[in-house]
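On the provided structure of chain X, position chain D as indicated by the hints.
Protein chains: 2
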Amino acid sequence: MTYPFLNKLRVIESSAFIAAPLAGLTLAQFGADVIRVDMIGGGIDYARMPRMPQPDGKGRSLYWTALNKGKRSVAIDLRRPEGRELIQALATAPGPDAGVLLTNIGTPWLAHEVLATRRADVISCTIQGNGDGSTAVDYTVNCATGYPAITGGGSRERPVNHVLPAWDIACAYQAAFAVVAAVDHRRRTGAGAELKLALSDMAFTMLSHLGVLAEAELLQQERPSIGNHLYGAFGRDFGTADGGRIMVAAISAAQWKALVACCGIGEAIAALQQRMGLDFGDEAQRFEGRDAIAQLVEPWFAARSQSDAQAALERHKVCWGSYSTVRELLANDPRVSAANPVFEHLATPGIGAHLSAGTAVRVPAMLREATAPAALLGTHTDQVLSEVLGLDGGAIGRLHDAGVVAGPERDPSAA
Amino acid sequence: MTYPFLNKLRVIESSAFIAAPLAGLTLAQFGADVIRVDMIGGGIDYARMPRMPQPDGKGRSLYWTALNKGKRSVAIDLRRPEGRELIQALATAPGPDAGVLLTNIGTPWLAHEVLATRRADVISCTIQGNGDGSTAVDYTVNCATGYPAITGGGSRERPVNHVLPAWDIACAYQAAFAVVAAVDHRRRTGAGAELKLALSDMAFTMLSHLGVLAEAELLQQERPSIGNHLYGAFGRDFGTADGGRIMVAAISAAQWKALVACCGIGEAIAALQQRMGLDFGDEAQRFEGRDAIAQLVEPWFAARSQSDAQAALERHKVCWGSYSTVRELLANDPRVSAANPVFEHLATPGIGAHLSAGTAVRVPAMLREATAPAALLGTHTDQVLSEVLGLDGGAIGRLHDAGVVAGPERDPSAA
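Quick mapping for you: the protein sequence lines, in order, are chains X and D. Using my numbering, read the first sequence as starting at 6 and increasing by one per residue. Using my numbering, read the second sequence as starting at 6 and increasing by one per residue.
Isolated chain X (complex conformation) (with noise of 0.2 Å):
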């Protein structure tokens, strides 16, 4: 679902992949017009998987849909003078509310000086791989990070690569974040901006907000490679007697205090830390003692069910969190489902309907607008260039003779 912050801010994507479509998708949940201009057919990103099943293990792209609902998509073709023309034209139309483009197609007909021209206040936000405008994804990028050696027990010679696209998101909301800012300021200045956000710088200035890069110059020191353990304190993942898997996290004192009269080992810590001569009310002590304190937890986890345990450790108010799979995620956790406001039913085009998330922000005293899911491509390609460049329908229809701009796809699902 969305608000309605940004006052229908009028913001042209031209992307791909991850953080372009998702810094437009927290834009549109904010309430911006996002409107994303795609090649005819698709872009490089449409047929990502995972896909849906019908017709022939190639219907709509779960991937795709997903991030690119609450927007209107425009089908151009982006090869041609007059498709590119277009694009350009709606970047820079007029309006207090309006002048935005965003994209990670580093392309000279997209380049800042070039919309400049037509929009001195235009404010464009680029999204690059590197600072020097070569590629890099995330993957690309993360290996870089030192992460790897230290994630799952890996090591420099045997790295781990994390999941999840953390960059990519990362590099979205910086994005979405720099995209608003500039408007702030345009609004009260009249100066546009061009705004240029790198996947790999997102990453190295990350290792320095975090302290890591601070840590390797000063201390001359890497971070250990130390598992399922968090680092700095005292927190590991534990198994239950049924087979579950429990992680707790002991950062703060009151949180340590909480497990140790969970798992009822007060007396066994006392003579533990008497043994090894530290203090566990301090974290980074917890940290150094923290497999003979897993030795001391474990125990209790393996005497217990998932469900006797938890329900142990939220009456002794553990921090803690039990391990699930994203279908046991749906099935048993109600903060994943329409009884967390943040999550709404969505029924896409060529899907079907399904569990779908609005901005992850709360805010109790307005009205959250339900989202409109991932439109066919092409959808508004009339709509858009009447509104926001007065076309008439003499003009569109010429423009779709001609195969520069295309309307609404078929529904692959449909028979």
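Just so you know, the hints here were simulated from the structure itself, not pulled from any lab data. Check the hints yourself; a few may be wrong.
Note: identical chains are not told apart, hence a pair may lie in one copy or across any two.
Unchecked claim - In silico lysine to aspartate or glutamate, DMTMM-like type, Cα no more than 25 Å apart, as pairs:
1) K13 <-> D189
2) K13 <-> D102
3) K322 <-> D338
4) K262 <-> D82
5) K63 <-> D284
6) K63 <-> D296
7) K13 <-> D287
8) K13 <-> D126
9) K63 <-> E293
10) K63 <-> E227
11) K322 <-> D137
12) K63 <-> D287
13) K262 <-> D137
14) K322 <-> E87
Keep in mind that this is a model prediction, so the values were computed, not measured.
Chain D alone, transformed into the frame defined by chain X:
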């Protein structure tokens, strides 16, 4: 470094750990005047590892100082009514570029309705664990997302946690975005906003945005656990003759062609396609054939040094990245150096000079201002009380005498 987008928007931050401080940092990097208010002596996150070795292994935290650069620091006794009153007054002081609270400390005296009695158009952004106000941290949320069961060859029974606090990071940028959107909205409509953002909502809505939730619901399918392979196309890490490790991604058709050409495996790939009845021009079929493809690629890397492999990959425009530890990254990669304009040298009190990052966003036409290092706790107490609340020297002195506020802590590294 910071850009002056936000016109010194005053944001009062009462926070701990990552999500809220990183949101504040993001705002500060775009020119907000972020005033972090801490308990006298430091909050719960003030001493988090890693720390400078001097004195006594308990110098300033590299974690805290990294997340709190570019902000002003005020030290107040948060337990006393007079201290709480000061924070409420700071958060609700008048002005169009003020009246914003950012917090992850869910406490009645910072509740939106309390602040709104002092300033009707206040904007508050509260980051929570769960939407019902219960506690959760990155680790106890991530375990429920299903990712640990498919990370690093993990399984439902042997989950692998990723190390990057990705949900905290996403929350931070989402929160910063929401704050700026609400400020823009207030400027237009005069209305304040209560913004709430739960870490678990952030994670679970992302499962929707990435199509993972719909996949589980509609296709009743979990993502496979495939180690370092990427999902949905071809990409994996490979070892070089000299013990190097390189990630390659062949997501687009052009990237795939480049990889095949670089490794000189065109004929072998053609034969493999025929044998398997697959067309690797299609990304989904590359994914299906990933293990067999990897077998053909492996010998090419195994026969080359890392530097020879990299040179060839670069020549063929393959999408690749090499694995490195953080120290290797710092030593060898110019993207992580002061040669990259998103980085700068910073001298942090109690820590010394080190490389540090500003915002990852580049704005070519706008002058970046230098980032202020993380202040010693309470450095700006008097300045802020005077400037924002108009307290005179006598009043401020009485607050000090009563122990309600504190001035700058001593630099722990000073002799």
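These are the hints, each one checked on the structure:
no.: 1; hint: K13 <-> D189; result: both (14 Å within a copy, 12 Å between copies)
no.: 2; hint: K13 <-> D102; result: both (7 Å within a copy, 23 Å between copies)
no.: 3; hint: K322 <-> D338; result: within (19 Å within a copy, 45 Å between copies)
no.: 4; hint: K262 <-> D82; result: between (63 Å within a copy, 24 Å between copies)
no.: 5; hint: K63 <-> D284; result: between (59 Å within a copy, 14 Å between copies)
no.: 6; hint: K63 <-> D296; result: between (49 Å within a copy, 22 Å between copies)
no.: 7; hint: K13 <-> D287; result: neither (50 Å within a copy, 38 Å between copies)
no.: 8; hint: K13 <-> D126; result: both (18 Å within a copy, 21 Å between copies)
no.: 9; hint: K63 <-> E293; result: between (52 Å within a copy, 15 Å between copies)
no.: 10; hint: K63 <-> E227; result: between (45 Å within a copy, 18 Å between copies)
no.: 11; hint: K322 <-> D137; result: between (49 Å within a copy, 14 Å between copies)
no.: 12; hint: K63 <-> D287; result: between (56 Å within a copy, 12 Å between copies)
no.: 13; hint: K262 <-> D137; result: between (50 Å within a copy, 23 Å between copies)
no.: 14; hint: K322 <-> E87; result: neither (63 Å within a copy, 30 Å between copies)
The structure fails to meet hints 7, 14 from the earlier list, while all remaining hints are met.
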